[in-house]
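Visitor: Sequence:
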Amino acid sequence: MDSHRPSSLSYGGEEAVRPVAVPSGLTPPDRSSLSVLCGTDNDLWDLVRAVVARQPGSVRLSHRAHQSATSLPANLPFSAPILPVCCARAEGAHLYDVDGNDYVDCHLSYTAAVLGHNPPPVVAAVRDRIATGVGAAYFCPEQVELTELLTETVPGADRAGLFHTGADTVAAAARMARASTGRQVVAKFQGSYHGSHEIGLYNSLGPAGPRDPASGYELRPGGNGLRALTGDDLLVLPFDDQAALGLVAEHAADLACVVVDPVPRFRGQAPHAAREFLRALRAVTAEHDVPLVVDEVITGFRMAPGGAQEAFGVTADITCLGKLTSGLGVPLSAVTGRADHLDRARSDGLPGDASKTWLSSTHQANHLAVVAALAQLRHLRDHHGEIFDRIDGLHDLLRARLDEFAHRSGIPVHLRGHPRHVTLLALGEPLDDRASYEEWAEEMGSPAMVRAMQMLSLHLRLRGVYTLGAPTMNLSAAHTEADIDQITSAVADSLLVMARQNLLPT
1 MDSHRPSSLS
11 YGGEEAVRPV
21 AVPSGLTPPD
31 RSSLSVLCGT
41 DNDLWDLVRA
51 VVARQPGSVR
61 LSHRAHQSAT
71 SLPANLPFSA
81 PILPVCCARA
91 EGAHLYDVDG
101 NDYVDCHLSY
111 TAAVLGHNPP
121 PVVAAVRDRI
131 ATGVGAAYFC
141 PEQVELTELL
151 TETVPGADRA
161 GLFHTGADTV
171 AAAARMARAS
181 TGRQVVAKFQ
191 GSYHGSHEIG
201 LYNSLGPAGP
211 RDPASGYELR
221 PGGNGLRALT
231 GDDLLVLPFD
241 DQAALGLVAE
251 HAADLACVVV
261 DPVPRFRGQA
271 PHAAREFLRA
281 LRAVTAEHDV
291 PLVVDEVITG
301 FRMAPGGAQE
311 AFGVTADITC
321 LGKLTSGLGV
331 PLSAVTGRAD
341 HLDRARSDGL
351 PGDASKTWLS
361 STHQANHLAV
371 VAALAQLRHL
381 RDHHGEIFDR
391 IDGLHDLLRA
401 RLDEFAHRSG
411 IPVHLRGHPR
421 HVTLLALGEP
431 LDDRASYEEW
441 AEEMGSPAMV
451 RAMQMLSLHL
461 RLRGVYTLGA
471 PTMNLSAAHT
481 EADIDQITSA
491 VADSLLVMAR
501 QNLLPT
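Under UniProt numbering, the residue at position 71 of the sequence shown is numbered 71, and the numbers go up by one with no gaps.
It should be emphasised that the hints constitute simulated quantities derived from the structure, not laboratory data. Errors might be hidden in some of the hints.
Ranges between beta-carbon positions, derived for each pair [unchecked claim]: (1) Asp-158 - Asn-502: 56 to 62 angstroms; (2) Glu-152 - Val-22: 55 to 61 angstroms; (3) Asp-99 - Pro-213: 26 to 32 angstroms; (4) Asp-102 - Pro-213: 53 to 59 angstroms; (5) Asp-389 - Thr-230: 44 to 50 angstroms; (6) Asn-502 - Asp-233: 28 to 34 angstroms; (7) Glu-438 - Val-22: 35 to 41 angstroms.
Glycine included, each C-beta is placed from N, C-alpha and C at the ideal position.
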């Protein structure tokens with residue numbers, strides 16, 4: 001398929017040959033992004049005009065948000081959706097925007113809505129307690145019940161601490177590990193994202209950069225405003241590489257902890273390909289008395305009730321949990337782990353104890369979030385096999401139908417990812433099970449692929465399927481075979497149109 005269609009659009013700095021009438025009312029970022037993506041291609045601008053005409057209320061609200069707000073999902077500095085949909089309500093596997101449009105949701109709150117939106121068991125629990133709860137900063141029985149459930153479910157968990165977001169958990173885990181070991185350096189892996197703080201954002205975006213055999217990857221901040229870290233703060237390792245094990249052993253005397261995502265995003269298509277490396281990493285950290293922090297914000301409670309650790313036969317010293325703990329999207333995350341680490345964050349009746357660390361905030365473990373999380377995790381515990389067998393089956397059905405379309409049309413579309421992780425709609429040949437971050441980033445970040453995926457997301461939206469700019473195909477227990485029919489039809493129709501316009505990259 002020819003990806004070199006004559007066009008005035010250039011990623012090499014050339015300007016468009018002729019101006020195009022841009023729809024009115026767009027935010028400046030949308031105008032800028034669309035001008036780069038569409039150039040002077042009237043077919044692409046027709047697509048944009050169709051989306052704007054379908055969701056005028058969302059366009060107006062997006063413009064108002066640009067004038068008044070920052071850090072909303074509509075205007076994030078990275079990966080903000082183009083022409084964002086403004087949602088009025090959600091139910092099960094469907095979203096409804098302010099213009100009355102109905103979408104099959106394939107985003108699912110970054111996979112957190114695994115039961116679908118507003119699942120009845122969670123809604124019922126919150127409705128029952130919302131008029132009688134105590135709000136924030138009080139001790140209540142549901143907090144005890146939730147922490148007990150977590151320590152019973154997660155391997156190696158003596159204690160559990162409750163926080164707000166996945167980013168909070170990784171930052172808290174690192175602080176507790178520093179407090180318990182007296183060391184400062186945190187090790188992480190190239191290409192792994194762990195939240196909106198220095199540990200999470202360093203070496204998680206963009207090119208990998210050079211790697212020194214003695215000191216790991218060159219440290220690269222993922223954006224402006226981050227504190228300048230050095231080798232005294234952070235060690236960045238290659239994932240699934242024997243060199244990483246040697247670096248952990250070599251730097252063990254300085255390491256407060258090693259933070260690892262058991263299934264990094266560039267390995268989402270083959271989670272079990274990481275098993276042996278994780279076991280080897282657990283062995284070397286245990287041998288050198290370095291706490292292992294496993295970031296199960298995405299994988300927790302999915303691959304097995306006890307997460308990737310249960311599935312892989314690995315037990316961390318500290319585990320970070322998020323997403324599925326946020327019932328109804330009410331923010332709640334958790335850290336579980338060994339008592340000698342987690343007890344650094346509690347008083348034990350010794351005010352002013354210098355061995356302790358401060359991890360407290362006004363809304364931490366607030367009653368509403370705890371009730372929602374407890375209801376969601378109890379339902380997952382009691383119906384785990386049924387829920388994930390259904391999700392696995394829906395993914396198998398979608399995968400088979402896309403494979404059939406690819407064979408029939410010659411368009412190499414496929415699902416990349418795993419039903420119990422993040423799943424993407426992808427073009428081209430499937431990645432190798434042991435693909436590196438560099439290989440993944442080179443393909444996903446190419447200008448032609450970025451352009452094609454952004455356009456595909458807009459095509460899907462016109463056909464009633466909601467994704468972000470890089471189309472995800474996350475499915476929940478609330479999706480139906482009718483939803484799979486609609487998704488398949490939308491993907492097929494969109495790609496056939498794009499193929500006729502020579503917009504698909506080779």
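Visitor: So the hint says 35 to 41 angstroms: do the beta-carbon atoms of Glu-438 and Val-22 match that?
Guide: For Glu-438 and Val-22 the Cβ distance comes to about 36 angstroms; the hint holds.
Visitor: Using the Cβ atoms, figure out if Asp-389 sits within 44 to 50 angstroms of Thr-230.
Guide: holds (48 angstroms)
Visitor: Indicate whether the distance between the beta carbons of Asn-502 and Asp-233 respects the range 28 to 34 angstroms.
Guide: violated (48 angstroms)
Visitor: Confirm or reject the claim that Asp-102 and Pro-213 have a C-beta distance inside 53 to 59 angstroms.
Guide: About 55 angstroms separates the Cβ atoms of Asp-102 and Pro-213, which means 53 to 59 angstroms holds.
Visitor: CB of Glu-152 to CB of Val-22, is that within 55 to 61 angstroms?
Guide: holds (56 angstroms)
Visitor: Asp-99 and Pro-213, beta-carbon distance inside 26 to 32 angstroms?
Guide: violated (56 angstroms)
Visitor: If I claimed the Cβ atoms of Asp-158 and Asn-502 lie 56 to 62 angstroms apart, would that claim hold in this structure?
Guide: holds (59 angstroms)
Taken one by one, the earlier hints fail for this structure at numbers 3 and 6, listed in ascending order.
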